[in-house]
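Here are the chains, one letter per residue:
Protein chains: 4
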Amino acid sequence: MQNTTPQENYIEVLDKGFVKLVDFMGSDLRAVSSARVSFGGVSKGEEKDKLLIKYLVENGHHSPFEHCYFQFHIKCPIFVARQWMRHRICSYNEISARYTEVKDEFYIPTEFRVQDIANRQGSIVSKDIDNKALLEIYNKSIENSYESYKKLLAAGVAREMARCVLPVSQYTQFYWTVNARALLNFIKLRADNHAQYEIRVYAEAIKKIFKEKLPWTWQAFENLTKEEK
Amino acid sequence: MQNTTPQENYIEVLDKGFVKLVDFMGSDLRAVSSARVSFGGVSKGEEKDKLLIKYLVENGHHSPFEHCYFQFHIKCPIFVARQWMRHRICSYNEISARYTEVKDEFYIPTEFRVQDIANRQGSIVSKDIDNKALLEIYNKSIENSYESYKKLLAAGVAREMARCVLPVSQYTQFYWTVNARALLNFIKLRADNHAQYEIRVYAEAIKKIFKEKLPWTWQAFENLTKEEK
Amino acid sequence: MQNTTPQENYIEVLDKGFVKLVDFMGSDLRAVSSARVSFGGVSKGEEKDKLLIKYLVENGHHSPFEHCYFQFHIKCPIFVARQWMRHRICSYNEISARYTEVKDEFYIPTEFRVQDIANRQGSIVSKDIDNKALLEIYNKSIENSYESYKKLLAAGVAREMARCVLPVSQYTQFYWTVNARALLNFIKLRADNHAQYEIRVYAEAIKKIFKEKLPWTWQAFENLTKEEK
Amino acid sequence: MQNTTPQENYIEVLDKGFVKLVDFMGSDLRAVSSARVSFGGVSKGEEKDKLLIKYLVENGHHSPFEHCYFQFHIKCPIFVARQWMRHRICSYNEISARYTEVKDEFYIPTEFRVQDIANRQGSIVSKDIDNKALLEIYNKSIENSYESYKKLLAAGVAREMARCVLPVSQYTQFYWTVNARALLNFIKLRADNHAQYEIRVYAEAIKKIFKEKLPWTWQAFENLTKEEK
Chain A
0 MQNTTPQENY
10 IEVLDKGFVK
20 LVDFMGSDLR
30 AVSSARVSFG
40 GVSKGEEKDK
50 LLIKYLVENG
60 HHSPFEHCYF
70 QFHIKCPIFV
80 ARQWMRHRIC
90 SYNEISARYT
100 EVKDEFYIPT
110 EFRVQDIANR
120 QGSIVSKDID
130 NKALLEIYNK
140 SIENSYESYK
150 KLLAAGVARE
160 MARCVLPVSQ
170 YTQFYWTVNA
180 RALLNFIKLR
190 ADNHAQYEIR
200 VYAEAIKKIF
210 KEKLPWTWQA
220 FENLTKEEK
Chain B
0 MQNTTPQENY
10 IEVLDKGFVK
20 LVDFMGSDLR
30 AVSSARVSFG
40 GVSKGEEKDK
50 LLIKYLVENG
60 HHSPFEHCYF
70 QFHIKCPIFV
80 ARQWMRHRIC
90 SYNEISARYT
100 EVKDEFYIPT
110 EFRVQDIANR
120 QGSIVSKDID
130 NKALLEIYNK
140 SIENSYESYK
150 KLLAAGVARE
160 MARCVLPVSQ
170 YTQFYWTVNA
180 RALLNFIKLR
190 ADNHAQYEIR
200 VYAEAIKKIF
210 KEKLPWTWQA
220 FENLTKEEK
Chain C
0 MQNTTPQENY
10 IEVLDKGFVK
20 LVDFMGSDLR
30 AVSSARVSFG
40 GVSKGEEKDK
50 LLIKYLVENG
60 HHSPFEHCYF
70 QFHIKCPIFV
80 ARQWMRHRIC
90 SYNEISARYT
100 EVKDEFYIPT
110 EFRVQDIANR
120 QGSIVSKDID
130 NKALLEIYNK
140 SIENSYESYK
150 KLLAAGVARE
160 MARCVLPVSQ
170 YTQFYWTVNA
180 RALLNFIKLR
190 ADNHAQYEIR
200 VYAEAIKKIF
210 KEKLPWTWQA
220 FENLTKEEK
Chain D
0 MQNTTPQENY
10 IEVLDKGFVK
20 LVDFMGSDLR
30 AVSSARVSFG
40 GVSKGEEKDK
50 LLIKYLVENG
60 HHSPFEHCYF
70 QFHIKCPIFV
80 ARQWMRHRIC
90 SYNEISARYT
100 EVKDEFYIPT
110 EFRVQDIANR
120 QGSIVSKDID
130 NKALLEIYNK
140 SIENSYESYK
150 KLLAAGVARE
160 MARCVLPVSQ
170 YTQFYWTVNA
180 RALLNFIKLR
190 ADNHAQYEIR
200 VYAEAIKKIF
210 KEKLPWTWQA
220 FENLTKEEK
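Top to bottom, those sequences are chains A, B, C and D.
Per numbering that gives the first Met the number 0, the first sequence starts with residue 0, numbered consecutively.
Per numbering that gives the first Met the number 0, the second sequence starts with residue 0, numbered consecutively.
Per numbering that gives the first Met the number 0, the third sequence starts with residue 0, numbered consecutively.
Per numbering that gives the first Met the number 0, the fourth sequence starts with residue 0, numbered consecutively.
Some clues are possibly wrong.
Since the list gives no way to pick one copy over another, a pair counts as held whenever it fits inside one copy or between any two copies.
Only pairs whose alpha carbons sit at most 30 Å apart, straight line, appear in this in silico BS3-like list of lysine-lysine [said to hold, decoys possible]:
{"no.": "1", "residue 1": "K19", "residue 2": "K53"}
{"no.": "2", "residue 1": "K15", "residue 2": "K139"}
{"no.": "3", "residue 1": "K49", "residue 2": "K102"}
{"no.": "4", "residue 1": "K225", "residue 2": "K210"}
{"no.": "5", "residue 1": "K139", "residue 2": "K53"}
{"no.": "6", "residue 1": "K19", "residue 2": "K49"}
{"no.": "7", "residue 1": "K19", "residue 2": "K43"}
{"no.": "8", "residue 1": "K43", "residue 2": "K126"}
{"no.": "9", "residue 1": "K206", "residue 2": "K187"}
{"no.": "10", "residue 1": "K102", "residue 2": "K206"}
{"no.": "11", "residue 1": "K47", "residue 2": "K102"}
{"no.": "12", "residue 1": "K126", "residue 2": "K150"}
{"no.": "13", "residue 1": "K149", "residue 2": "K187"}
{"no.": "14", "residue 1": "K43", "residue 2": "K149"}
The hints are simulated quantities; they were obtained by calculation from the structure and are not laboratory data.
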């Protein structure tokens with residue numbers, strides 16, 4: 000990670016979350032040489048290497064991208080982590096609310112969205128909504144929940160039980176190690192406009208880091224995605 | 000599933016949850032014949048087949064058990080589902096709180112446990128605790144959260160945002176398909192006394208169903224586990 | 000497997016190989032209900048269910064197809080098995096040439112193909128080739144190899160060492176358990192005209208069985224594949 | 000990989016094979032901090048960190064070791080690669096005999112082993128064997144096979160077909176990327192004395208590299224393995 004500054008590896012997301020690149024192994028050339036082992040060869044210069052990457056991406060030969068690995072440290076709300084952890088070809092280690100007391104950190108939206116009629120699972124921004132009043136309901140609910148949590152703890156209730164009253168807006172943290180192939184799939188699904196806004200902003204942050212680390216691979220992937228649309 | 004009654008395939012767990020066996024493929028003999036393909040053979044009678052299963056289990060040759068599959072329908076609280084879905088070698092489809100309105104169904108414990116001093120992550124039953132008073136705090140917190148959820152929905156807030164105030168005690172449902180090898184690993188970790196009580200009771204229910212479907216495999220596994228202790 | 004005759008589950012492939020369906024769990028409706036758990040629902044009648052499957056296939060929502068499982072017994076040459084076993088999201092148990100003596104069963108082509116100029120990895124049928132003469136070279140080579148194997152065994156050499164002289168045209172057998180999602184991916188890659196003929200015929204046999212077991216899913220997959228071309 | 004010399008990352012194996020470490024990501028401390036994210040903490044000094052690793056290894060908490068990655072370049076005979084590629088939680092890219100002509104490189108043993116009577120799958124060294132005579136049979140068989148291969152190619156037969164006559168002693172090459180958890184499992188199974196000698200020597204070479212990169216983890220794993228015996 001010599002050619003990146005600390006700033007580029009740390010991106011703030013939502014009101015209290017972040018995406019932090021902890022480590023990275025590989026390069027565009029790694030994918031190239033992993034693919035060329037099939038042909039018994041190595042790099043053939045930038046132009047040909049880029050064409051090979053384009054060919055691999057477009058023809059579904061994705062295994063060469065499995066040799067590049069990203070490790071992230073993520074902080075996000077539980078309901079985002081729940082969508083995230085449906086991705087199985089990768090590794091997670093998450094902070095445990097059984098071991099440690101949960102901090103007073105919850106996701107507070109800046110703007111409430113209304114139910115989308117066209118897209119049954121989605122939401123859209125609307126002017127016909129009293130954000131201030133809604134925020135009051137939201138905040139009060141979360142404050143009440145956290146207060147109850149603290150009361151239960153104070154009365155001696157085990158952390159693993161007391162946390163049952165805490166809402167899914169609670170922030171959690173985890174380490175995530177994932178290869179470039181699985182990460183492209185994550186970005187494809189989670190940066191998509193069918194994904195919930197709150198995970199999309201994480202996928203966008205990850206996309207930036209991906210692009211910086213594997214620019215040729217990203218270019219080929221982006222071109223293909225555009226063509227498919 | 001001819002030799003089981005509907006009752007045996009449906010087990011109530013916690014206050015509102017369940018484990019339901021939807022389908023099953025395989026048998027102890029399936030593992031035997033899958034293993035014997037290595038030796039170019041098939042069943043050699045009950046006694047020898049049982050010995051083979053014992054040998055496979057004890058010597059870490061677990062791949063033959065991957066040919067037996069269970070499909071379950073599970074209903075459990077979110078904090079249990081979160082531990083569950085860390086298991087990656089299996090398939091999930093879960094109800095989505097983005098598509099459907101969440102029902103007023105939350106886990107209500109019958110008895111609060113206190114923090115275990117010896118086991119930092121665990122909890123123990125204690126008489127020095129006022130269950131009735133604690134339950135009041137707990138219930139009120141959950142009622143408040145659900146009320147806020149309904150208010151936000153009534154004001155037009157999208158389901159995917161309104162659910163942020165709901166606690167992790169909320170019940171969810173999912174389909175889970177898993178092979179016998181991965182299931183034994185699940186039972187080993189989640190029926191263990193280091194696991195949280197609320198997931199342990201699910202693991203125990205699954206253990207019953209496993210035992211009924213693959214009795215020889217279960218026997219071999221249980222004997223080994225006893226020896227290791 | 001009530002609605003299939005034994006014949007339909009056993010398909011001869013190449014000169015000595017086969018694909019045999021040992022067991023199957025699921026149905027098109029299983030995928031439907033696994034998907035509908037997300038929406039909190041079940042079957043809505045054939046027309047709507049078919050549309051849902053179409054939607055899932057076309058929009059990359061493939062997890063519901065992971066709840067249907069196929070178990071096959073396969074007999075194929077080693078060089079085909081080598082390509083096959085690069086597929087990792089599935090289970091294998093293969094006959095071992097360490098335990099059992101290898102039989103005199105090798106793949107003998109009926110027609111030799113020449114190197115394709117356009118497709119560097121492929122081959123094409125050609126009239127400018129003396130099949131009879133080539134077959135003689137081929138057969139003699141394999142006979143020599145097998146004879147050497149038998150001589151080494153006769154001299155007391157361990158099976159695991161003696162087999163080193165045997166060619167990759169040797170037939171092997173394995174059990175293969177795989178879900179419908181991974182199987183569609185297998186068919187997509189291996190029934191493709193870039194795949195080697197000798198694995199393509201296996202993929203075609205499997206396609207037939209898939210189509211019979213999950214006709215709606217197959218239909219949706221086939222339509223999509225046609226559109227992409 | 001700053002603290003290793005090129006020599007330490009390249010180990011010759013068998014007569015023509017090798018294990019080469021191409022890249023490595025992580026450290027013992029990486030596993031420690033990945034585990035400590037569960038407790039909300041980081042390194043606590045060498046002594047405590049070593050104890051944590053010991054605890055993780057002994058209690059089956061292996062997920063923190065998934066954040067360390069090794070990439071190897073391997074050259075080994077096909078029959079060894081076949082055993083190797085049964086390991087599925089890792090990534091492979093292998094040289095293709097469809098794209099490139101196979102070189103005259105085959106595994107030639109220095110000593111033939113006889114069938115083990117006690118261990119039906121194994122082999123043992125014996126003095127009652129005429130190594131020189133056996134080697135002659137072996138070498139001649141392989142030479143014949145390679146000659147046939149060349150003849151078929153010369154006659155225009157496609158590479159993918161001509162290679163069918165080549166024996167499984169043929170050397171192949173592949174890139175292999177694998178995390179520390181899966182690698183420990185590989186070493187456990189393949190450096191075991193039930194494994195065939197020809198893969199065991201590869202597992203031993205990998206063990207050396209593992210030990211150098213993750214010494215604390217290796218120590219904990221080795222201690223546990225000794226206790227179990």
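Can you give the numbers of the hints that this structure goes against, from lowest to highest?
5, 8 and 13
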